[in-house]
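Participant: Residues per chain are reported as follows:
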Amino acid sequence: MSPLPPKKDYIGAMTPMPVKASCAISVRNLRVKYGEREILHGVNFDVPAGETMVILGGSGSGKSTLLRTLVGLERPSSGEIYIMGKEFANISEDERDELRKGIGMSFQSGALFGSMTVGENVALPLQEHTDLDPSTIEIMVRLKLDQVGLSGFENYMPAQLSGGMKKRAAIARALSMDPQVLFFDEPSAGLDPIIAAGIDELILKLKRAFKMSIVVVTHELASAFLIADRMIVLDKGVIVADATTDEMKNSTQPRVRQFLDRVPEPEVTGEIDYLQMLTGDIPPIRQ
Amino acid sequence: MAFTDSIGAATIDGLAYVGGLARLTGGAAKAVFISPFQGKRFHMSRAIHQAMAVGVEALPITSLISFFIGAILAVNAAYELRKFGALHLVASAVAVSMTRELGPLMTAVVVIGRSGSSFAAEIGTMKVNEEIDAMETMALEPISFLVAPKFLAMILMVPCLTAWADFMGVLGGGAFGLAAASFTWGSYIQATLEALIAHDILTGLLKAMFFGLVITAVGCQEGFSTGLGSEQVGRSTTSAVVKSIFAVVMVDLVSTTIFYLTAPR
Ligand SMILES: Nc1ncnc2c1ncn2[C@@H]1O[C@H](COP(=O)(O)OP(=O)(O)O)[C@@H](O)[C@H]1O
Ligand SMILES: [Mg+2]
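Here the protein sequences come in this chain order: W and B. Take the first sequence: its position 150, counting from 1, is numbered 159 in the numbering used here, and each next residue is one higher. Take the second sequence: its position 232, counting from 1, is numbered 405 in the numbering used here, and each next residue is one higher.
Derived by calculation from the structure, the hints in this document are not laboratory data. Hints may contain errors.
Unchecked claim - Straight line, CA to CA, 25 Å or less: simulated DMTMM-like cross-link-like pairs of lysine to aspartate or glutamate:
| id | chain 1 | residue 1 | chain 2 | residue 2 |
| --- | --- | --- | --- | --- |
| 1 | W | K110 | B | E303 |
| 2 | B | K213 | W | D142 |
| 3 | W | K110 | B | D306 |
| 4 | B | K213 | W | E137 |
| 5 | W | K95 | B | D186 |
| 6 | B | K203 | W | E137 |
| 7 | B | K213 | W | E102 |
| 8 | W | K42 | B | E367 |
| 9 | B | K203 | W | E104 |
| 10 | B | K213 | W | D106 |
| 11 | B | K213 | W | E210 |
| 12 | W | K95 | B | E230 |
| 13 | B | K213 | W | D209 |
| 14 | B | K203 | W | D103 |
| 15 | W | K95 | W | D142 |
| 16 | B | K203 | W | E147 |
| 17 | B | K213 | W | D140 |
Let the sequences and hints guide you as you build the complete structure.
Facilitator: Here you go:
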């Protein structure tokens, strides 16, 4: 159980803020446990509507747990989550399913349904949640695949796609219900740098073209600075920095500078450890 | 103390497991029989697809196995009956044991091997690949989407397969009757029909329906409880087969006892 870091190491608000209606996501005092072990120790942050928030942090810092809680796959032990102004954490499964139609999630592995074609994967949410006729759905599927640069791949099985194409197909599926909020878990993990850059471009395009609010979990610094409007840094279940990308870039705080300039420092402890992990000194292990 | 503790813990685990099966079955039954009347969609095309896989594709192997089981029953019955010069009773012995017990049981074994294991493998793979999580974030209910179609297919197709297995078993017994006892096809079928009463056939088919139900529940539950990592899928599949066989035998024991107590005398 790590306490909040000393004030000087922390940029951004430390105390819970009131929930603003203009925020796509507001998280207040969020605590999440697996069994007896608490993973997130009271997390607070806001994602302004139409902006991209990147959650940085080393392996095991609780990034995936935070993302899974935001989309309702884990129940918090306490705290609140507001998505588009509506409480999301403490509601019934049916109410939650209603709100889920307005969000899209792209999983690290893609999580495409292996027994369905790419087209069927993208069509599924539309078939299940709308009364659109098959020909309309077909057109929408083509449109979504077009948006992610996968036109003509409707009839491929997921197993026939490369890693980057799987990611794109998964994004197309996440887009199928025209969500207002999109979540990405490690979008460029396991991809070569050129393919990963393509995914970054796509995320930028989605934000600009569709004014979507986007939350991305990543440990890739370069990618984070390219796509983020705001960043939070998570360490051992506590937010140690919450700032705009420019604030992070121009920060004069020694630790942030060290992190951004990738200065190795052998004797550091605490949050610098994860920063080194971010810079690639210690390869993060996926949980 | 430690011994009683571990018995207590095992009992609680067992009850929790059965509770999980009940929850899955209840959820699936609701999705099949109630939700469609509340305006929710039932995945009929998926159920038909499952019915083909569970039932139709299992016909050849079920036919073969039940034919031989029928013949084996006839041989075993003849071994005893000939001591009393009662070989003409072979037909009724085969008919009764096949319809009451071995038709449903052998069909269940085939279905466990083909379908119960594949349910666990399919759902387990989806679990490992985060597909189940993906479904939930898309507001799709895994129970109504994955389990309900299997549930409907199984409670319909396992009794159908069993009826066919009963028939093939009688043919297998007949083949022996013709070859080794002085039956003709006509007299064998005649003797079979005289021996069979509706109660035997119906209880067998009802039992088969329960078998279908528990095989679905165990297979799906093993799939959903698959841990992280693809090697866990193999573990789930194996354990689905073993636990299903055990569950089928338990259901068999209970239902046979109930049928015995309620049988017309
Ligand atoms: N399903 C789970 N059950 C128990 N502990 C878990 C589970 N998932 C993750 N954890 C633990 O929670 C901590 C945070 O994990 P995670 O959120 O995956 O971190 P990150 O994504 O930042 O690497 C880790 O110590 C991990 O072992
Ligand atoms: Mg992770």
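Participant: Work down the list of hints and note, for each, if the structure agrees.
Facilitator: Here is what the structure says about each hint:
1. W:K110 <-> B:E303: 18 Å, holds
2. B:K213 <-> W:D142: Holds, because 17 Å separates the two Cα atoms, which is no more than 25 Å.
3. W:K110 <-> B:D306: The hint holds at about 14 Å.
4. B:K213 <-> W:E137: 9 Å, holds
5. W:K95 <-> B:D186: Judged against 25 Å, a Cα distance of about 38 Å means the pair is violated.
6. B:K203 <-> W:E137: 18 Å, holds
7. B:K213 <-> W:E102: 15 Å, holds
8. W:K42 <-> B:E367: Given that 25 Å is the threshold and the Cα spacing comes to 66 Å, the pair is violated.
9. B:K203 <-> W:E104: Holds: B:K203 and W:E104 sit about 19 Å apart, inside 25 Å.
10. B:K213 <-> W:D106: 14 Å, holds
11. B:K213 <-> W:E210: 39 Å, violated
12. W:K95 <-> B:E230: 49 Å, violated
13. B:K213 <-> W:D209: Between B:K213 and W:D209 the Cα gap is close to 38 Å, so the pair fails against 25 Å, i.e. violated.
14. B:K203 <-> W:D103: 15 Å, holds
15. W:K95 <-> W:D142: 31 Å, violated
16. B:K203 <-> W:E147: 31 Å, violated
17. B:K213 <-> W:D140: 12 Å, holds
Going through the hint list in order, the structure does not satisfy hints 5, 8, 11, 12, 13, 15, 16.
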